[in-house]
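Undergrad: Assemble the whole structure, with the sequences as input and the hints as a guide.
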Amino acid sequence: MKYILLVHVPKDSLAAPTDPAAVAAGRAYGEALRAAGIFVAGVGLGSPDNATIVSVRDGKRQVQDGPYAESKEFLGGFVVIDVPDLDAALEWAARNPSAALGSIEVLPLGGSYFAASTGR
Amino acid sequence: MSESATHAAVEAVARNSYGRLVAYLAARSGDVAGAEDALSEAFGAALRRWPADGVPEKPEAWLLHAARHRLIDAARHAQVRKRNEPLLRLAGEAEEIATTFPIFPDERLKLLFVCAHPAIDIAARTPLMLQTVLGLDAARIASAFLVSPAAMEQRLVRAKTKIREAGVPFCVPEPPQWDERVVFVLDAIYSAYTAGWESAIDGGSTHHALAHEAVALGRTLVSLLPDEPEAHGLLALMLHCEARRPARATSEGAFVPLDRQDTALWLQPLIDEAEKHLRVASALKRLGRYQLEAAIQSIHAHRAVGGAIDWPEIALLYEGLVRLAPTIGAQVGRAVALAETGDGAAGLAALDAVAADRSANYQPWWAARAHLLRRLRRHAEAREAFAHAAGLTEDPALRAYLLERAAR
Numbered sequence: 001m002k003y004i005l006l007v008h009v010p011k012d013s014l015a016a017p018t019d020p021a022a023v024a025a026g027r028a029y030g031e032a033l034r035a036a037g038i039f040v041a042g043v044g045l046g047s048p049d050n051a052t053i054v055s056v057r058d059g060k061r062q063v064q065d066g067p068y069a070e071s072k073e074f075l076g077g078f079v080v081i082d083v084p085d086l087d088a089a090l091e092w093a094a095r096n097p098s099a100a101l102g103s104i105e106v107l108p109l110g111g112s113y114f115a116a117s118t119g120r
Numbered sequence: 001m002s003e004s005a006t007h008a009a010v011e012a013v014a015r016n017s018y019g020r021l022v023a024y025l026a027a028r029s030g031d032v033a034g035a036e037d038a039l040s041e042a043f044g045a046a047l048r049r050w051p052a053d054g055v056p057e058k059p060e061a062w063l064l065h066a067a068r069h070r071l072i073d074a075a076r077h078a079q080v081r082k083r084n085e086p087l088l089r090l091a092g093e094a095e096e097i098a099t100t101f102p103i104f105p106d107e108r109l110k111l112l113f114v115c116a117h118p119a120i121d122i123a124a125r126t127p128l129m130l131q132t133v134l135g136l137d138a139a140r141i142a143s144a145f146l147v148s149p150a151a152m153e154q155r156l157v158r159a160k161t162k163i164r165e166a167g168v169p170f171c172v173p174e175p176p177q178w179d180e181r182v183v184f185v186l187d188a189i190y191s192a193y194t195a196g197w198e199s200a201i202d203g204g205s206t207h208h209a210l211a212h213e214a215v216a217l218g219r220t221l222v223s224l225l226p227d228e229p230e231a232h233g234l235l236a237l238m239l240h241c242e243a244r245r246p247a248r249a250t251s252e253g254a255f256v257p258l259d260r261q262d263t264a265l266w267l268q269p270l271i272d273e274a275e276k277h278l279r280v281a282s283a284l285k286r287l288g289r290y291q292l293e294a295a296i297q298s299i300h301a302h303r304a305v306g307g308a309i310d311w312p313e314i315a316l317l318y319e320g321l322v323r324l325a326p327t328i329g330a331q332v333g334r335a336v337a338l339a340e341t342g343d344g345a346a347g348l349a350a351l352d353a354v355a356a357d358r359s360a361n362y363q364p365w366w367a368a369r370a371h372l373l374r375r376l377r378r379h380a381e382a383r384e385a386f387a388h389a390a391g392l393t394e395d396p397a398l399r400a401y402l403l404e405r406a407a408r
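Sequences listed follow chains A and B, in order. Heads up: the first sequence at position 102 corresponds to 102 in this note's numbering, and the numbers run straight through without jumps. Heads up: the second sequence at position 236 corresponds to 236 in this note's numbering, and the numbers run straight through without jumps.
Some hints here could point you the wrong way.
Stated by the list, open to error - Pairs of lysine-lysine, BS3-like flavour, derived with a Cα cap of 27 Å:
(1) K110(B) with K285(B)
(2) K162(B) with K2(A)
(3) K2(A) with K110(B)
(4) K58(B) with K110(B)
(5) K110(B) with K162(B)
(6) K72(A) with K11(A)
None of these hints come from the bench; they were simulated from the model.
TA: Shown next as structure tokens:
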């Protein structure tokens, strides 16, 4: 079953880490995900200050300066993993170094379509 | 056995089998709602037929047989909706197992852990257990939790959808998760016991909607986890409180506080059963919150034989309880015990030490404060506190009692 781990972090910890310990922690987590054979995809996101919002209303394109919503925490990145169940996904969410700074939202991907293919 | 007792016994067997079948089907399909749908009619038929016809020799096989119409219906839908197939195949397998083997496999422990999973809304955990493990209907659960049936139905549907769609696993957790996860199960069962009941610790109320169901869940948990001391502790606690039900109110419905209850009215078989579980728990040598609470109730129960209450021992147990689980109920209990050992001022100081935002609307805190103030002969303040406590209770009998004490 595929899950997306949405990494929400406070704005001040959004910039790519420069502290060597934080860089090493992130790399170690990524390597652990790959070694476990569960890694599907993952990226870190740029600052929400540089976001631009696009919508189409009545056939007209509207472009606005972002971010989407003002809040204390922002989406800093995400990881998609393929694991047997929610407990395994929660385990990997807790291991994400950013879990200690912000919070990780764990969501099943594609809902029912993937649930049917787990063969549990 | 009286007719109502026979009826209750049959109902217990039906519930037991229903829970086993839901657990078996859901553990393999991941779909609690689907399993319930398949069995709902069969369970209704069992509750109608078994009291008259007697309990069938293989209850699970009987229930699966009675569910066949619903299952055939589901098969028809399955051609449209592919996902129902596993459940149908499972039901066939389950009927075969139920007919062939003497004991139907019991997966209810997994189901209990799913219901009390931290990913499930905390307000849905207890209702979910009552419905899936015992087969209680949503309207009954809703009235016990003082919400509308529609709201409860929605809460339950959302939780079941989450179990299926988020992939909450049907498994028994292992260390290091074990301790935390067991506590979730215990708390959810205890919350069924205290639903609509304000002060479980001293039995400070007469309204008690789901006591039988909670005790049934407690017994189920003990049978599934015979080596878990806290499961025994929780059951002992509930049984001790249950034993006092007939003494909790006069025949006119007036509230009787625990230390004034007529011990001859207490139900001795329940007290004996509680004491047995407390002994099993202590032999397992791992102390916990529920064992301490049960031990406190056990000392109260000893008044039936000893005539007096050993308050120093109760104070000691509360001391441990406050350290292990500093709930406001435990803090209030400790304060009262301190006062009863003779140190009224220390008791009052312990009450005052509870943070104001926690005590402000907590009825037992105000009742305890009033009681302690009266002991210290601070009558005007005591009257005020009793009146304040009366304003915070939902229970008419308790309200009348508190107002009567306020007027004294």
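Undergrad: Work down the list of hints and note, for each, if the structure agrees.
TA: Against the structure, the hints:
1. K110(B) with K285(B): Judged against 27 Å, a Cα distance of about 25 Å means the pair holds.
2. K162(B) with K2(A): holds, 15 Å
3. K2(A) with K110(B): With a Cα-Cα distance of about 23 Å, the restraint between K2(A) and K110(B) holds, given a limit of 27 Å.
4. K58(B) with K110(B): holds, 22 Å
5. K110(B) with K162(B): Between K110(B) and K162(B) the Cα gap is close to 16 Å, so the pair holds against 27 Å.
6. K72(A) with K11(A): holds, 7 Å
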